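Participant: One-letter residues, chain by chain:
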Amino acid sequence: NAGVTQTPKFQVLKTGQSMTLQCAQDMNHNSMYWYRQDPGMGLRLIYYSASEGTTDKGEVPNGYNVSRLNKREFSLRLESAAPSQTSVYFCASSGGMADTQYFGPGTRLTVL
Amino acid sequence: KQEVTQIPAALSVPEGENLVLNCSFTDSAIYNLQWFRQDPGKGLTSLLLIQSSQREQTSGRLNASLDKSSGRSTLYIAASQPGDSATYLCAVRRSGSARQLTFGSGTQLTVLP
Numbered sequence: 001n002a003g004v005t006q007t008p009k010f011q012v013l014k015t016g017q018s019m020t021l022q023c024a025q026d027m028n029h030n031s032m033y034w035y036r037q038d039p040g041m042g043l044r045l046i047y048y049s050a051s052e053g054t055t056d057k058g059e060v061p062n063g064y065n066v067s068r069l070n071k072r073e074f075s076l077r078l079e080s081a082a083p084s085q086t087s088v089y090f091c092a093s094s095g096g097m098a099d100t101q102y103f104g105p106g107t108r109l110t111v112l
Numbered sequence: 001k002q003e004v005t006q007i008p009a010a011l012s013v014p015e016g017e018n019l020v021l022n023c024s025f026t027d028s029a030i031y032n033l034q035w036f037r038q039d040p041g042k043g044l045t046s047l048l049l050i051q052s053s054q055r056e057q058t059s060g061r062l063n064a065s066l067d068k069s070s071g072r073s074t075l076y077i078a079a080s081q082p083g084d085s086a087t088y089l090c091a092v093r094r095s096g097s098a099r100q101l102t103f104g105s106g107t108q109l110t111v112l113p
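Taken in order, these protein sequences are the chains called A and B.
The numbering used here applies: residue 1 is where the first sequence begins, and numbers increase by one.
The numbering used here applies: residue 1 is where the second sequence begins, and numbers increase by one.
Honestly, the hints are just simulated from the structure, not real lab data.
Since the structure is predicted, the reported quantities are computational estimates derived from the model, not experimental observations.
Each residue gets a CB set at the ideal place from its N, CA and C atoms; glycine is no exception.
Incorrect hints may appear among the rest.
[Unchecked claim] Okay, derived cross-link-like pairs now, SDA-like style, lysine to any residue, Cα gap no bigger than 25 Å in a straight line: (1) LYS57/A / TYR31/B; (2) LYS68/B / GLU59/A; (3) LYS1/B / GLN17/A.
[As the list claims (entries may be wrong)] Each pair of labels, with its calculated beta carbon distance range: (4) GLY40/A / PRO113/B: 24 to 30 Å; (5) LEU112/A / GLY41/B: 41 to 47 Å; (6) PRO82/B / LEU112/A: 33 to 39 Å.
Make the full structure from the sequences, and use the hints.
Facilitator: Structure (structure tokens):
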């Protein structure tokens, strides 16, 4: 099983450019999440999707949009990138009673 | 608002030592608590999940305990090995329908050969 996959692994953008981070899971999980990780700040939730067709804001949603394309895929879009969005982005999924979250390998994004 | 604290931020021990990592949280109304491991440049790997009704969970050399009333969890690593070197993060999920996790900043563990 691939688990949770993310593309791309690395990306450099200029301020104002847009891009979409892709995430897919093959564990038939209902819930999916996008986090960002910054030094000294821990992981912070950007958006989550409790089930296909629903999305909700997390702790730091400003400047981002998401799409739950189907049960497998959950994308994160930066419409107009800013240097403050330089970070490592992780996608995760969870399901079942225990609801353990499984993480992808991350996307390292730099905005110049 | 839930806050999760992990102390110390970094820990260095010689190989073979038993060690304890600490996690504290401010709101005891939690659904579960998870411990993760993160290697440099990698994603998070789930180690143990403790439901709010449980007191501890064990997996191999790892034992995690939970004291909801005092807002504390510990991760005990027995007979540490250099391969245990990583950052360890705890995260809590609050009670209710929301499934979000609130993370601590992690403890960076180095096990010296």
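Participant: All hints, please: hold or fail.
Facilitator: Going down the list of hints, with the structure as the test:
no. : hint                           : in the structure
1   : LYS57/A / TYR31/B              : holds (20 Å)
2   : LYS68/B / GLU59/A              : holds (24 Å)
3   : LYS1/B / GLN17/A               : violated (34 Å)
4   : GLY40/A / PRO113/B: 24 to 30 Å : holds (29 Å)
5   : LEU112/A / GLY41/B: 41 to 47 Å : violated (21 Å)
6   : PRO82/B / LEU112/A: 33 to 39 Å : holds (37 Å)
In summary, the numbered hints that this structure violates are 3, 5.
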